[in-house]
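Chemist: The listed protein sequences correspond, in order, to chains A and S.
Under our numbering, the first sequence is numbered contiguously, ending at residue 448.
Under our numbering, the second sequence is numbered contiguously, ending at residue 185.
Treat the hints as calculated values from the structure; they're not laboratory data.
None of these values were measured; they are calculated from a predicted model.
There may be inaccurate statements among the hints.
To be verified - Derived DSSO-like pairs: lysine-lysine, alpha-carbon spacing no greater than 27 Å straight-line:
(1) A:55 x A:275
(2) A:268 x S:127
(3) S:101 x S:180
(4) S:6 x A:172
(5) S:73 x A:115
(6) A:70 x S:127
(7) A:331 x A:275
(8) A:268 x A:194
(9) S:124 x A:71
(10) S:83 x A:107
(11) A:122 x S:73
(12) S:127 x A:328
(13) S:127 x A:71
To be verified - Examples of chain A residues toward chain S, derived with CB under 8 Å:
(14) 73
(15) 122
(16) 126
(17) 129
(18) 254
(19) 258
(20) 261
(21) 262
Positions of the beta carbon are idealized from the N, C-alpha and C atoms, including for glycine.
Each chain, written out:
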Amino acid sequence: MKKSYQSLEDNSDHTMKQVINRNLSSRFLLLGLIALLSFSSHTIFAQDGDPVAGKSLFNSQCAACHKLDKKMTGPALRNVEARLAEDEGLDRQWLYSWIRNSAGMIKAGDAYANKIYNEYNKTAMTAFPQLSDADIDNILAYTAQPKEEPKNTGLPPIDGGPKGETSSFSNKIILGALALLFALLAAGLFLVNKTLRRFADEKGIAVASDDREERTPIWKAFVQNQFLVLMSAIFLLLASAYFAYGWMMQVDVNQGYQPIQPIHFSHKIHAGDNKIDCKYCHSSARVSKHSGIPSLNICMNCHKSIAEYNGEVTPEYSKEFYDGEIQKLYKAAGWNDAEQQYSGTPSAVKWVRIHNLPDFAYFNHSQHVTVAGVECQTCHGPVEEMEIVYQHAPLTMGWCINCHRETNVDLKDNAYYTKIHEELSKKYGVNELTAAQMGGLECGKCHY
Amino acid sequence: MKSLYKILLITILVGAFTSCQKDSRPNYQYMPNMYEPVGYEAYGEYEVFPNEQEAMLPAEGTIARGMSAYDYKNTEDDYQAAKANLVSPLDSTQVDLERGKVLYDIYCGICHGNKGAGQGTLAKREKILGIPSYADAGRAITEGSIYHVIYYGRNSMGSYASQLSEEERWQVTAYVEKLKTDLEK
Numbered sequence: 001m002k003k004s005y006q007s008l009e010d011n012s013d014h015t016m017k018q019v020i021n022r023n024l025s026s027r028f029l030l031l032g033l034i035a036l037l038s039f040s041s042h043t044i045f046a047q048d049g050d051p052v053a054g055k056s057l058f059n060s061q062c063a064a065c066h067k068l069d070k071k072m073t074g075p076a077l078r079n080v081e082a083r084l085a086e087d088e089g090l091d092r093q094w095l096y097s098w099i100r101n102s103a104g105m106i107k108a109g110d111a112y113a114n115k116i117y118n119e120y121n122k123t124a125m126t127a128f129p130q131l132s133d134a135d136i137d138n139i140l141a142y143t144a145q146p147k148e149e150p151k152n153t154g155l156p157p158i159d160g161g162p163k164g165e166t167s168s169f170s171n172k173i174i175l176g177a178l179a180l181l182f183a184l185l186a187a188g189l190f191l192v193n194k195t196l197r198r199f200a201d202e203k204g205i206a207v208a209s210d211d212r213e214e215r216t217p218i219w220k221a222f223v224q225n226q227f228l229v230l231m232s233a234i235f236l237l238l239a240s241a242y243f244a245y246g247w248m249m250q251v252d253v254n255q256g257y258q259p260i261q262p263i264h265f266s267h268k269i270h271a272g273d274n275k276i277d278c279k280y281c282h283s284s285a286r287v288s289k290h291s292g293i294p295s296l297n298i299c300m301n302c303h304k305s306i307a308e309y310n311g312e313v314t315p316e317y318s319k320e321f322y323d324g325e326i327q328k329l330y331k332a333a334g335w336n337d338a339e340q341q342y343s344g345t346p347s348a349v350k351w352v353r354i355h356n357l358p359d360f361a362y363f364n365h366s367q368h369v370t371v372a373g374v375e376c377q378t379c380h381g382p383v384e385e386m387e388i389v390y391q392h393a394p395l396t397m398g399w400c401i402n403c404h405r406e407t408n409v410d411l412k413d414n415a416y417y418t419k420i421h422e423e424l425s426k427k428y429g430v431n432e433l434t435a436a437q438m439g440g441l442e443c444g445k446c447h448y
Numbered sequence: 001m002k003s004l005y006k007i008l009l010i011t012i013l014v015g016a017f018t019s020c021q022k023d024s025r026p027n028y029q030y031m032p033n034m035y036e037p038v039g040y041e042a043y044g045e046y047e048v049f050p051n052e053q054e055a056m057l058p059a060e061g062t063i064a065r066g067m068s069a070y071d072y073k074n075t076e077d078d079y080q081a082a083k084a085n086l087v088s089p090l091d092s093t094q095v096d097l098e099r100g101k102v103l104y105d106i107y108c109g110i111c112h113g114n115k116g117a118g119q120g121t122l123a124k125r126e127k128i129l130g131i132p133s134y135a136d137a138g139r140a141i142t143e144g145s146i147y148h149v150i151y152y153g154r155n156s157m158g159s160y161a162s163q164l165s166e167e168e169r170w171q172v173t174a175y176v177e178k179l180k181t182d183l184e185k
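Construct the entire structure; sequences and hints are all you get.
Modeler: Structure representation (structure tokens):
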């Protein structure tokens with residue numbers, strides 16, 4: 001057994017060199033060798049190939065450029081062996097040498113190799129000298145598997161697009177129906193009251209209303225009691241002052257602001273489920289005032305390979321809905337997924353800005369993110385759980401100041417602070433300094 | 001009867017006020033001319049710009065401060081040339097592997113894995129397949145080819161030039177080299 005493995009390996013080593021040298025005579029020798037070997041039980045197994053092992057190899061080595069049923073950097077590979085045998089008369093030997101060293105074959109002038117190379121705009125396929133014949137057999141076995149039909153789970157298809165709208169629509173219907181019901185009830189009560197009174201009038205029963213005249217009505221009693229009037233006037237004034245103050249204080253505070261974005265971009269899926277670092281997309285937060293919204297080329301770094309959504313779905317958002325959103329991204333970037341190239345005219349995605357300080361206040365991300373080492377979530381809340389982003393903090397001056405009073409400055413390993421720290425800690429007689437003691441309360445730091 | 005009308009009136013008023021408070025619309029401002037900038041704000045929409053977008057690509061032929069021109073083109077030939085000839089301008093004292101690691105973990109680790117073996121989160125979750133290990137013999141990456149690939153991308157990998165400055169790219173390159181030698185051990 002061991003021996004046959006050995007010879008297989010030697011042999012694969014051979015093939016590679018042979019192809020490079022295009023040495024015909026030794027090629028014949030090799031063919032003979034392979035013919036001999038194919039009688040041993042080992043190679044027969046290898047010839048058939050193991051699609052399961054092939055799948056993992058394919059996914060780790062080839063899937064960067066090939067998909068089974070779709071053109072990517074390279075051609076679709078479903079049934080590639082059968083296709084090449086039929087159309088071009090190429091055998092498995094050709095495939096072995098192509099996969100191990102396609103560049104060598106192109107250079108050596110192999111006709112089909114050059115044809116396909118030019119067809120793909122001279123994109124070089126990586127060489128895989130490390131793959132043995134058995135490995136390649138496994139991969140080919142995997143590519144020869146019939147296409148899986150989409151599984152029918154028996155569930156009725158969930159309607160995709162305007163899911164959110166329908167639910168809010170039905171809410172409105174329910175509310176409207178309730179309001180109508182109340183109106184009917186009120187009208188009913190009114191009518192019942194009226195008819196009862198009419199009956200009473202006809203029968204000559206005096207409805208007990210006469211003796212009411214004798215008692216002073218409650219409001220008159222109230223007006224006559226001056227103390228009560230004074231107290232309730234004060235109470236009313238205070239209450240309205242309280243509400244007026246509350247209302248005026250919330251003017252221009254946009255906590256909870258959650259606009260609808262042109263593309264339904266879910267931070268929950270990107271930063272939560274797939275754990276993409278915030279700074280991957282908001283990369284200028286490290287070095288500048290602004291955190292920045294990623295341009296579309298950054299989206300396409302991943303979405304060239306991710307054309308559809310295969311993660312968890314909720315009743316509110318279905319797979320079709322998410323796929324449609326990715327198509328919107330492709331349309332804006334001008335990417336043609338079938339051709340795998342940029343061919344359309346790109347257009348801007350007009351994201352709606354959420355966090356926005358007034359013009360007279362200055363806030364700098366790199367000071368907080370890089371220098372102070374504050375996590376994004378401290379200020380922006382649990383963004384990685386938000387399906388749609390909303391403003392978590394009030395962004396008022398009081399909010400900034402509170403945090404400056406409470407947060408210590410990270411002085412460690414920061415040469416810039418060593419001297420300041422010494423002087424200031426002497427001045428305040430403390431070991432740790434808050435941002436406020438460093439000058440984070442000076443008006444000019446935030447207003448200029 | 002009167003009380004009924006009053007109750008109705010109050011419900012209508014309350015309804016009218018609460019329906020104004022919507023999360024999908026920004027709140028009122030006291031004095032918009034104090035709040036809204038006169039100059040052009042980052043990411044603003046202004047008529048003077050093409051497409052009304054303040055965010056634009058740098059003018060062609062310009063080089064940002066602190067960066068230098070990169071002479072290799074985005075072609076296979078120049079990839080091979082960079083692979084063979086391009087070397088890092090950082091000497092051993094300027095290489096900061098700690099910073100390289102931080103940047104690498106943010107921008108590359110998500111696909112290539114924090115060890116560089118091609119097992120990042122996206123690969124493990126089978127969202128993006130076929131991410132190579134840096135130690136792949138068939139690729140035989142070098143300092144120059146790593147930098148070239150960060151700059152232009154390669155096949156299904158995109159360019160990272162817009163997220164990393166020139167110096168940061170070389171720091172990441174140095175860190176990838178380290179990962180490669182660790183993997184080959």
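Chemist: Was the hint right that residue 261 of chain A lines chain S, CB cutoff 8 Å?
Modeler: violated (10 Å)
Chemist: Does the nearest C-beta of chain S fall within a distance shorter than 8 Å of the C-beta of residue 126 of chain A?
Modeler: holds (5 Å)
Chemist: Mind checking the alpha carbons of residue 127 of chain S and residue 328 of chain A for me, to see if they're no more than 27 Å apart?
Modeler: holds (19 Å)
Chemist: Taking the least C-beta to C-beta distance, is residue 254 of chain A closer than 8 Å to chain S?
Modeler: holds (5 Å)
Chemist: Can residue 262 of chain A be said to touch chain S, with a Cβ gap under 8 Å?
Modeler: violated (13 Å)
Chemist: Given residue 258 of chain A was flagged as interface, is its beta-carbon under 8 Å from a beta-carbon of chain S?
Modeler: holds (5 Å)
Chemist: Please verify that hint: residue 122 of chain A, Cβ, nearest Cβ of chain S, below 8 Å or not.
Modeler: Since the shortest Cβ distance to chain S is 6 Å, the answer is holds.
Chemist: Holds or violated: residue 268 of chain A with residue 127 of chain S, Cα cutoff 27 Å?
Modeler: holds (16 Å)
Chemist: Assess, step by step, whether the Cα of residue 331 of chain A is no farther than 27 Å from the Cα of residue 275 of chain A, and give holds or violated.
Modeler: Holds - the C-alpha atoms of residue 275 of chain A and residue 331 of chain A are around 26 Å apart, at most 27 Å.
Chemist: Is the Cα-Cα distance between residue 83 of chain S and residue 107 of chain A 27 Å or less?
Modeler: Holds - the C-alpha atoms of residue 107 of chain A and residue 83 of chain S are around 19 Å apart, at most 27 Å.
Chemist: Check whether the Cα positions of residue 55 of chain A and residue 275 of chain A lie no farther apart than 27 Å.
Modeler: holds (26 Å)
Chemist: For residue 73 of chain S and residue 115 of chain A, compute the direct alpha-carbon distance and say whether it is at most 27 Å.
Modeler: Distance ~25 Å between residue 73 of chain S and residue 115 of chain A Cα, so the pair holds.
In summary, the structure is inconsistent with hints 8, 20 and 21 from the numbered list given earlier, while agreeing with the others.
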